[in-house]
Amino acid sequence: MRFWRSLRLILTANRFHFMAHWSTPAHFWAGVIGMFVNNFLALFGVWAMLFAGKPELAVQCDAYLVLNLLTMLTFGLLHVFLGGLTELDKQVVDGGLDSVLVSSRNPLLMMSITQSHLPSWGDVLMGGVGLVILGVRGGFVFSFELLLMVICSFIGFACVFTLLGCVPFWFSRPERLNPVLINVVLAFNTYPALLDYPNRFRWFLVLGPVAVVGLIPTEFLSHPSLSVLALEVLGVVMVVSLTLVLFSLGLKRYQSTPMISLRRGA
Amino acid sequence: MSSARYYFKLAWFRFREPFTDWKSTLVGHILFVFFVWFLSWMWLRFSAKNTQFTFQTILLYVGVTELLFLTFLRARSIQDGTEDFALFLARPRSWILRELFSHVGIAGGARLFYLLILVVITPFFGIPILPSLGFFARTLGLIILLAPAQALISTLFSALLLNFSQTRYFILPISKIFLSLGGVFGPVSDFGEPYRSIFLNLPGSDLFFQAAHIAIFGHPFEQSFAEWFLRILVICLGLYLCALFFYLRGRRRFEAWGG
Amino acid sequence: MTTVPLAPFAIEARGLEKRFQNGVVAVKGLDLLISPGESVAFLGPNGAGKSTTIKMLCGILRPDKGSVKVKGHAAGTSLANRNLGIVFGARSQLFFHMSVEQSLLLQAETYFVPPKDQVARMNKLAVQFEAKDLLKMRVRELSLGQRMRCELIASLIHQPEIILLDEPTIGLDLQAKHHLRERLREWQKQFGTTILLTSHDISDVEVLCDRCVLVQAGEKAYDGPLSQVKGDLKDVRRVKLLLSRARSNFEAEQARVVTHFAGKMKLSDQVLGEFELQYEFNLKEVALSDVLSTIASYFGESLEDVHLAGVSLEEVIRAQMVVK
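Residue numbers (the numbering used here), protein chains in the order written: chain W, 1 to 266; chain X, 1 to 259; chain S, 1 to 324.
Fair warning: there could be bad hints in the mix.
Keeping only pairs whose Cα atoms sit at most 30 Å apart, straight-line, the calculated DSBU-like set for lysine-lysine is [as the list claims (entries may be wrong)]: (1) S/Lys234 with S/Lys220; (2) X/Lys49 with W/Lys54; (3) S/Lys65 with W/Lys252; (4) W/Lys252 with S/Lys177; (5) W/Lys252 with X/Lys23; (6) W/Lys252 with S/Lys69; (7) X/Lys23 with W/Lys90; (8) S/Lys177 with S/Lys230.
Which stretches of chain W does chain S cover? Using the computed rule of at least three CB atoms under 8 Å from a CB of chain S, they are [unchecked claim]: (9) 33-44; (10) 47-59; (11) 99-106.
Since the hints were derived computationally from the structure, they do not count as laboratory data.
This structure is a prediction, so every number in the text was calculated from the model and none was measured.
By construction, the Cβ of each residue, glycine as well, lies at the ideal position given by its N, Cα and C atoms.
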């Protein structure tokens with residue numbers, strides 16, 4: 001029952017967010033097209049630099065494409081549907097967590113529905129269309145594997161952002177550190193540096209939550225095996241557990257800000 | 001004279017900002033170190049057979065291009081410039097000049113900070129400092145030489161933002177054009193054809209690839225220094241005219257809502 | 001002086017203590033017991049611990065010591081928060097980019113209002129708070145007064161048994177303040193809602209509250225009926241005289257009045273205009289008729305006007321709020 005009520009809340013919030021975005025078509029399309037172009041250029045640039053005219057790197061090139069489309073889609077889905085989680089660090093610092101904590105819902109659930117990032121529809125469209133094409137070409141089994149990895153990657157990404165959002169509970173000025181960490185996560189999951197790299201277990205140990213977002217799912221989609229699947233599932237479970245524990249501990253340390261403060265606009 | 005003093009003071013003030021809280025700035029600049037190492041490693045992993053660059057030279061190359069790119073078209077500083085536009089109109093100063101000198105200062109200070117980090121980290125990658133002094137000196141010169149171009153493009157975007165609020169969605173993709181096609185990830189000279197020829201003729205290449213090539217080798221790639229400098233001047237002139245046009249248009253049409 | 005509220009309590013806080021990481025003890029051993037249906041003003045100077053206490057009541061902060069329950073449930077839990085409606089004057093619960101209607105419906109959904117009742121409740125509240133025309137507007141397009149009305153609707157849409165109001169009238173013009181207070185008063189009479197109000201505007205307190213809790217340096221300084229806050233000061237009166245010539249021309253008359261009442265009447269030390277003069281006395285010691293007749297006899301035709309007033313609630317509370 002609680003699950004369905006939570007789902008209904010998420011759907012209602014996102015319906016209203018979308019209606020608000022859609023009500024200004026110029027902004028909506030500018031945001032979507034801008035992000036589409038941004039992603040295309042980023043993909044193209046690295047492809048032109050590393051893979052163009054190198055047939056011996058065809059396998060790595062395919063894996064690079066899958067990695068980026070997967071990361072794009074899950075990043076986009078997170079920013080569109082649970083966008084508030086990506087702003088958790090700012091809300092902890094600015095005291096915006098107050099209005100989330102006073103509601104009668106789970107704080108992470110409430111936090112996630114506070115925002116929806118318009119330009120990320122571009123990520124969803126590009127990643128989604130790309131993966132659908134790959135899925136159709138790859139067949140039913142591949143499509144199923146793809147769906148499974150999208151779900152794992154999405155959960156992993158949500159946890160990574162939540163973990164980053166917990167940094168301010170312990171460090172008072174995360175505004176310099178967090179953008180660095182986010183860029184590092186994205187770099188590992190969009191640039192092909194670690195693709196097809198030997199000893200995937202080592203990345204998991206070294207990179208932890210970062211690896212479950214894109215690297216291990218891409219490895220699974222390129223070379224499906226039970227061991228890689230198990231690694232991904234185990235990784236997701238561990239990341240989720242770590243996130244919930246850290247968030248819960250962090251809430252106990254939350255100090256809010258003075259109640260009387262400058263009003264913030266949209 | 002007093003106006004010139006004001007704007008230079010403003011630029012100096014913005015230039016000093018990263019150094020006033022250097023610990024906090026250093027944390028934010030760790031990304032530079034990460035990208036220098038990461039992109040160099042990635043380049044060598046996939047392009048070692050096709051490049052004339054060694055790990056050390058590619059590291060220096062990425063160091064220069066990242067130094068230039070990480071301070072290029074920063075959305076935050078572009079938007080900051082437009083947020084107090086209404087208030088600024090009540091002041092006896094030129095907004096467009098304020099923007100220009102602010103961006104020169106902001107980018108200059110950040111780039112110098114990155115250069116200092118580069119000086120510190122290069123020995124850890126097996127690059128001795130003394131023989132690299134020429135490289136660092138040329139990089140410093142390029143920071144000064146390319147400051148107007150960087151400031152003008154940021155000012156252009158600030159002026160565009162005054163006219164079209166949707167501009168903020170295009171800052172990232174426009175910067176990606178320079179990132180992807182300008183040789184920030186790796187030398188354009190090592191790209192395959194036809195991309196190499198196409199990208200070499202684009203402005204991005206002049207601002208990033210050629211600049212890094214000058215810093216490392218002391219001269220641009222397949223062109224003279226005068227030719228490169230002329231191209232930079234043409235870019236600056238074009239940017240200046242566009243920025244002025246959109247600023248005047250925005251000024252005429254500006255409406256301040258609310259109390 | 002303390003009042004003894006009756007169990008079961010709407011809000012039950014006992015021995016609350018909160019120490020922040022910088023070592024500041026914001027709240028020390030605070031007890032706060034509020035019965036259902038009460039309207040309580042929670043006052044104190046800046047830094048007294050009011051906001052910290054409110055935040056512990058609604059689960060934003062966890063107390064280091066003590067316990068706090070809302071309608072019998074531990075504060076901060078879903079069950080406790082379902083009974084709470086909160087209005088933050090300086091923070092919004094609405095979504096700036098959505099329309100008011102969307103924000104309110106989302107709020108209703110958040111607080112488990114049955115879907116079939118959401119629209120009806122929203123419309124009813126919109127009529128009650130004269131916000132029907134605002135429903136289709138974007139939240140960011142609202143003026144401050146309009147936004148506060150919508151914030152109030154958002155906090156009441158799930159018909160909470162308790163409303164926490166933190167500076168609800170901050171920044172509002174006089175008419176908007178009056179309107180907000182009236183609507184809250186009507187709501188409270190209709191539903192018997194418990195109100196806990198913090199405000200620096202004493203008029204809010206006078207209109208809405210019957211009981212006052214004063215906090216100072218994290219501890220309770222007073223807890224009792226609002227009518228008794230003034231204490232002994234309730235019988236103090238000030239009589240202000242408007243003279244035809246500057247005060248300095250009447251020094252002899254001023255002294256004679258004081259001497260006549262043998263020190264039971266004194267000159268006020270408040271800053272006044274050049275043509276004004278003010279005396280202060282206690283009704284228990286001096287009869288009003290004596291005061292007025294004496295003044296009239298000594299000042300005669302130089303007296304142009306007389307104004308009589310008691311000590312204001314604001315002054316009393318300000319005097320109590322001397323920061324240690």
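Outcome of the hint check:
1. For the given pair, S/Lys234 sits about 22 Å from S/Lys220 by alpha-carbon distance, which is consistent with the 30 Å threshold.
2. Using a Cα cut-off of 30 Å, the hinted pair X/Lys49 and W/Lys54 holds, with the two alpha carbons roughly 11 Å apart.
3. Restraint check for S/Lys65 and W/Lys252: the C-alpha separation of about 13 Å stays at or below 30 Å, so the hint holds.
4. Between W/Lys252 and S/Lys177, the direct Cα distance comes to roughly 36 Å. Violation of the 30 Å bound is thereby established for this hinted pair.
5. As the CA atoms of W/Lys252 and X/Lys23 are separated by approximately 28 Å, the hinted pair is consistent with the 30 Å bound.
6. About 17 Å separates the Cα atoms of W/Lys252 and S/Lys69, which keeps this hinted pair within 30 Å; it holds.
7. Taking the CA atoms of X/Lys23 and W/Lys90, the gap is near 20 Å; set against the 30 Å cutoff, the hint holds.
8. Restraint check for S/Lys177 and S/Lys230: the C-alpha separation of about 24 Å stays at or below 30 Å, so the hint holds.
9. Against chain S, the segment 33-44 of chain W contributes 0 residues with a C-beta closer than 8 Å to a partner C-beta. That does not satisfy the three-residue criterion, and the hint is violated.
10. Check on the segment 47-59 of chain W: 0 of its residues sit with their Cβ under 8 Å from a Cβ of chain S, so the three-residue criterion for coverage is violated.
11. Beta-carbon proximity to chain S at under 8 Å applies to 7 residues in the segment 99-106 of chain W; the threshold of 3 is reached and the given coverage holds.
Figure legend: structure checked against the earlier numbered hints; hints not met, in rising order: 4, 9, 10.
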